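Trainee: Chain residues, written in single-letter form:
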Amino acid sequence: MGRIPRSYLLNRVVTLLLTVWIAATLIWIIPRLSPVDPADIMLGRMAAGAGAVENADQILAQLKENFGLNDPLVIQYLKYIRNVVTLDFGLSTATFPTRVSTLIARALPWTVGLMLLSVVITFFIGNALGAIMAWDRSPKLVRVAIPVAMVFTSIPPILSGLLLMWLFAAKLRWFPLTSAYGLTVEPGWTWGFVQSVIHHGFLPALSIVIVTFGFWALGMRGLMITVQGEDYVMLAKAKGLRPRYILYRYMIRNAILPQITAFALKIGLLVAGQVLVERIFAYNGMGKLLYDAILDQDFPVIQGVSFVIILMTAVSVFLVDLVYPFVDPRIRHDGGET
Amino acid sequence: MTGVPGSRAGELKGWQMRRLESPWMNPKLFWGAGLLLAIVALGIIGRLFWNLDLAFTGAAPLKLPPVGFENLRGQEGAWVHPIGTDGSGRDMLALIVIGAPNSLFVGLLASLIGMSLGIFLGFSAGFIGGRTDDIIRVLSDVMITIPPLLILVVVQSAWGDVSLTMMALLIAGFVWQSPTRLIRAQVLSMKQSGYVQMARLSGASTMHIMFREMLPNLVPYLFGSFIANVTTSIVTAVGLEVLGLGPQRIPTLGRTIYEAINAGALIQNLWWWWGIPTLLLGLMFIGLLLINLGLDEVSNPRLRKLQ
Chain A
1 MGRIPRSYLL NRVVTLLLTV WIAATLIWII PRLSPVDPAD IMLGRMAAGA GAVENADQIL
61 AQLKENFGLN DPLVIQYLKY IRNVVTLDFG LSTATFPTRV STLIARALPW TVGLMLLSVV
121 ITFFIGNALG AIMAWDRSPK LVRVAIPVAM VFTSIPPILS GLLLMWLFAA KLRWFPLTSA
181 YGLTVEPGWT WGFVQSVIHH GFLPALSIVI VTFGFWALGM RGLMITVQGE DYVMLAKAKG
241 LRPRYILYRY MIRNAILPQI TAFALKIGLL VAGQVLVERI FAYNGMGKLL YDAILDQDFP
301 VIQGVSFVII LMTAVSVFLV DLVYPFVDPR IRHDGGET
Chain B
1 MTGVPGSRAG ELKGWQMRRL ESPWMNPKLF WGAGLLLAIV ALGIIGRLFW NLDLAFTGAA
61 PLKLPPVGFE NLRGQEGAWV HPIGTDGSGR DMLALIVIGA PNSLFVGLLA SLIGMSLGIF
121 LGFSAGFIGG RTDDIIRVLS DVMITIPPLL ILVVVQSAWG DVSLTMMALL IAGFVWQSPT
181 RLIRAQVLSM KQSGYVQMAR LSGASTMHIM FREMLPNLVP YLFGSFIANV TTSIVTAVGL
241 EVLGLGPQRI PTLGRTIYEA INAGALIQNL WWWWGIPTLL LGLMFIGLLL INLGLDEVSN
301 PRLRKLQ
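From first to last, the protein sequence lines are chains A and B. Residues 1 to 338 (the working numbering) make up the first sequence, in order. Residues 1 to 307 (the working numbering) make up the second sequence, in order.
It should be emphasised that the hints constitute simulated quantities derived from the structure, not laboratory data. As the structure is a prediction and not an experimental result, all values here were calculated from the model. There could be a bad hint or two in this list.
[Stated by the list, open to error] Below, in silico cross-link-like pairs of lysine-lysine (DSSO-like), each with a Cα-Cα straight-line distance of 27 Å or less:
hint, chain 1, residue 1, chain 2, residue 2
1, B, Lys28, A, Lys266
2, A, Lys237, A, Lys140
3, B, Lys28, A, Lys140
4, A, Lys239, A, Lys140
[Said to hold, decoys possible] Here's a subset of chain A near chain B, in silico, CB distances under 8 Å, partners left out:
hint, residue
5, Leu26
6, Ile155
7, Leu162
8, Ala170
9, Leu276
10, Ile280
11, Tyr291
12, Ile294
Note that beta-carbon positions come from the ideal geometry of N, C-alpha and C, so glycine has one too.
Next up, chain A with everything else stripped away, as it sits in the complex (with noise of 0.2 Å):
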């Protein structure tokens, strides 16, 4: 256990700046290099869907401004950072004129709940089969089963999510199709939201765990027979140790923690899929908010929700590689690189 070196943290902290302001850059670069005008496109969609806009003066004053059809160039982009480090991405053009910070605080913990859920079922389950698929005392049949269900995890959230969503909501009626929770329900801390909560919940979730764990029990694998033929385990099992007791304390230790670094570098995939998870079960999260805002050509709601999702993976690759030294004391940090 050692304190994390200067350098080491200011390194992650650099990246962690660069990430989010490369991310923030381009989401406003790429839109101005477009060849038709965003805020064509939404008025026109607007005109065309309402007949009269009601606010259209307001809202077209607020697009100009966002667009930046008054000022120069750097001068829209100082104030589009400025807006975007204390999260202001204006007002939304669909539900005007509610703020874009206000909706995505309404969506952001329903995402963040499914997704912690979500990976911590994976993590236990995963490690669980990895460590069990290279364990020599293993029965046969385990191994053999595995890797059919590792076929699974070759696919994408969203299909194993139409496929339970058909099964178990369209077919079976065992589940709700859409929503986070019942529209009969009074959201509160009652037991009747609670549980209308974990019912809605349960095929989402399930359709990201099932196709997530077998990463973590591919990675695992690979480590366990990476450790098995570490000199330290050969001294146990000569030592006379119980299988068992090697598995947990000599193999499972030492082979989980890289697993750790694996996962900071899928966050951002998984972050992705479960925004598509969300967008077909129109679960209330930041997915449906996406989905919605890209029917109703909100083009803040796009930026903000994109600019709040990767500026949330940042952060968590940041915190893992943080917390990752504390948890592994064989890796020392000292110039940055390993």
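Add chain B to chain A, keeping to what the hints say.
Mentor: Structure of chain B alone, referenced to chain A:
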């Protein structure tokens, strides 16, 4: 006791044995590549024998089931539309004949461009070192944490309709990081290895060392990374399509799923509408997984021993 190599040697000629022993001939690679080729073949043969005009809206009756099934209105499937039609009267077979190769094309093109960028940047970083290395390393560290889907959502909702190639190019901007990191790490370790030192001492040029000495050793890793990126690219493309972005006028598997969900195909039990594209995508991903597992065995002999 067929597993002992010595007993085989007497029965087989030298080259036959070498082929059997070659790690590249493992069944996972074979079946994986077979699956992908089958999807490509579906696109080619389908184009020759099936009328693709049926992929236009209103070319057929709505919501017909595949042959041998009956839809909720009691209509039975007919051989005119062997795997049914969608909610706006398009023939499903024509849709997937066009759509399936499209998805694969986007994945391959994006990954190929990303790979080339990665090889270039990885070698530059590993060989030149110094400032160049710092910039490339930090940039790939940064870009690897940004989920491509979310930037692309912003891009495409501002750009409106894009072509397939354009989408592949956009995705390619996000799949160069892992090959870059991989190659950089390998180049750094290889630079110290005996044979590279040897080549350098014997006066080989940098180009010769890079492409003749080092690159062949990287091939299994490069392939693995390439296949992983094909998967990532297809997942990203399908993600965009399911969110209603991506090419608007060309049939893709993701767009078909998008339309099916929006039309409530799940509740109406129109399983063929969303199920067939889902199945095809699933097969595509399983094919890619098998190839990747096969390549793992090539590059990591430890896994081979375990079998």
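Trainee: Hint by hint, note whether the structure agrees.
Mentor: How the hints compare with the structure:
no.: 1; hint: Lys28(B) / Lys266(A); in the structure: holds, 24 Å
no.: 2; hint: Lys237(A) / Lys140(A); in the structure: holds, 21 Å
no.: 3; hint: Lys28(B) / Lys140(A); in the structure: holds, 20 Å
no.: 4; hint: Lys239(A) / Lys140(A); in the structure: holds, 26 Å
no.: 5; hint: Leu26; in the structure: holds, 5 Å
no.: 6; hint: Ile155; in the structure: holds, 5 Å
no.: 7; hint: Leu162; in the structure: holds, 5 Å
no.: 8; hint: Ala170; in the structure: holds, 5 Å
no.: 9; hint: Leu276; in the structure: holds, 5 Å
no.: 10; hint: Ile280; in the structure: holds, 6 Å
no.: 11; hint: Tyr291; in the structure: holds, 6 Å
no.: 12; hint: Ile294; in the structure: holds, 6 Å
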